[in-house]
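> As a plain string of letters, each chain reads:
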Amino acid sequence: MAGICFGSVNIPLFEVLKSLIGSDDAGTLHSAIVLEFRLPRTATAAFAGASLAAAGLMMQTVFRNPLADPFVLGVNSGASLGVAIALLVLGPGGIALASQTPLTGSLLVVVAATIGAGASLGLILILSRRVDVMSLLILGLMISYGVSSIVSILIYYSMADRLQVFFNWSFGNFGAVTLGQLGLFIPIAILGLIGAILLVKRLDAFLLGERYAKSLGVGVEGSRLAILACASLLAGVVTGFCGPIGFIGIAAPHLCRYLFKTSEHRFLVPASILMGALVGLTSDILARAPGLEATLPLNSVTALIGVPVIIAALLKQKSYQRLFGG
Amino acid sequence: MSHHDTALDSDTLVIGYKESGQKVAENLSVSLKPGEFVSLLGPNGVGKSTLIRTLAGIDDPLEGRVFLKGEPLSDLTPKERARRISVVLADALPGAMLSVYGLIALGRHPYTGLMGGLATDDKERVDWAIETMGIQDLANRRFGEISDGERQKALIARALAQEADVLLLDEPTAFVDLPSHVEIVNVLRELAHSQGLAVMASSHDLELSLSFSDKLWLMDLEGKLTNGVPEDLVLQGSVARLFQGEFSGWDAESGSFRVRKTPARFARVSGDGETCYWVRRALERVGFGIRDDDEVALEVSVGSDTNSCPIYQAIIGDRSKTFTSLGDLLAWIGRMDRAVSGHRAKYG
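Residue numbers (the working numbering), protein chains in the order written: chain C, 1 to 326; chain D, 1 to 348.
Calculated from the structure, these hints are not laboratory results.
Glycine included, C-beta positions come from ideal geometry on N, C-alpha and C.
Careful, some of the hints might be misleading.
[Said to hold, decoys possible] Calculated lysine to aspartate or glutamate pairs in the EDC-like style (CA-CA distance at most 16 Å, straight line):
| no. | chain 1 | residue 1 | chain 2 | residue 2 |
| --- | --- | --- | --- | --- |
| 1 | D | K224 | D | E36 |
| 2 | D | K18 | D | E63 |
| 3 | D | K18 | C | D132 |
| 4 | D | K23 | D | E71 |
| 5 | D | K215 | D | E63 |
| 6 | D | K79 | C | D132 |
| 7 | D | K69 | D | E145 |
| 8 | D | K215 | D | D232 |
| 9 | C | K261 | D | E145 |
[As the list claims (entries may be wrong)] Pairwise CB distance ranges (calculated):
| no. | chain 1 | residue 1 | chain 2 | residue 2 | range |
| --- | --- | --- | --- | --- | --- |
| 10 | D | E207 | C | L198 | 33 to 39 Å |
| 11 | C | R211 | D | D11 | 22 to 28 Å |
| 12 | D | H204 | C | P308 | 32 to 38 Å |
| 13 | D | Q136 | C | F260 | 20 to 26 Å |
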């Protein structure tokens, strides 16, 4: 609710409620802001945060690495490459298409980012059958670096006006999703979140490492594939619609581990989903800097929330290594 | 091969790494019966861990098959296998945020439903496992906060919660202090004997393995596996061969490691019981041979005082002295030796 009320124009809570229930005497301007911008934006922030947190938790468990999040597998950079190719390479046709549609041609960006994220996801899934988990983590990082350098080359040879669109996307934004696009974004996110909840038992088995998981009767390759696919779906769809958003995927699961003092996924998965939504909403409100005319880049806000959480968890645990063993 | 009274056995197994095809050991025929506690011994790097993982179905054999009560392991579904074999691995240990109870409850994984919640009988089995390992006071601690010995007990409890008839353990007593070590070995042996579990544990401790195991599997550097009851393997010299080069000082007569020296002089010890045994051991350690005739440099007679504490009367030549500890006795022998060599240096 706070997310809907605050913004560059503050709207009284009463007016918001009136708009939401469709009451006729709501101020038309406020009503339009609520329905067209604030409501989609708030829903996006909640679902994006929840999806990133669930994806981050799954990655951390499978890789047994506290700093793993969806982006270490190159989903982020794959999406960047897709967007960079669409905006910077496809040329005037592409950019014309982008500028014709409202909200900086978000649909083109969404499609490009999703294809890019999907491509890097496919590559990782193929590799995941052939190498062990630690090698996969390193391969994901290498793919990220490789792809990022291609993006840098594209940026280097691009013109300023096109770069602006690319940079807008790369800062991350919950506000670019329209009410119409929500109809696509939310069902996909819910599908991924349900997948994460169905995977809790397999995730628990992975807590002891892959060999123990196998000794508990878990099909390790299949489960790893399912978990990575689910995490990538969640991360891919968020990145596609909102741009790359850092730190929520790392910070939300850690906050839950710290608050609930458990590693068991039947508690951690739902808790991380809720915590992710909360962090997403909070970041969105802070990014819109209530009371100020300007907005802040979303990724700076998530970093400012995420970094202290990670540092606090680190100090609290003395050693991150002990959190995960090995 | 007859399978009907074995819990786990194999035809001639070749173990190693599937990816590289590198063989670790071949021609391994093993058999483990219900109610048996077996120790697997061998120098580092012979493939004990690989053998354990292969028998547990975690690694696939390069050739040959493993059988569970005569059924090929590869024919079982993963869940069925998990209900029949449980393991304690030497892998890096899991997350510290996991509670000991949560860790042990993971053993119920092959029995629980979609979300992994525990039913009443699951909880009963977990409680039984906790009680069996005597770790009730650890249940609510974080796994990362407890000692090495406690961790091993928790990991064994987790394996017990899995309710399998075969329990395979990779070095369950590594990094564990001696009292816990003896305790763990005792519990494993007791589980085999009273619950009818087939238990096999690899170990580095030859002396304890000899004393506690129903059978030994000895794996040598050529990757050959010899098995039998401990005493047969000692008498056939298999134990001595296994540790040749790695340690010296294996003494088949006592079943323990001793300082090996050809005795330059002899001692006679009179008296009886436990005390005499330890007097002989102390004297052997400092280089005396033990014999019963009069051709000896030292005579020790063991008696006891009014509080039944041992007293040792020692005679060297025309000197005689009484001691209440073996430390004092050995120190006196040392002083006498130095006096003699000092005398020789002066006048000899």
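> Enumerate the violated hints, using their earlier numbering and listing them in ascending order.
1, 4, 5, 6, 7, 10, 12
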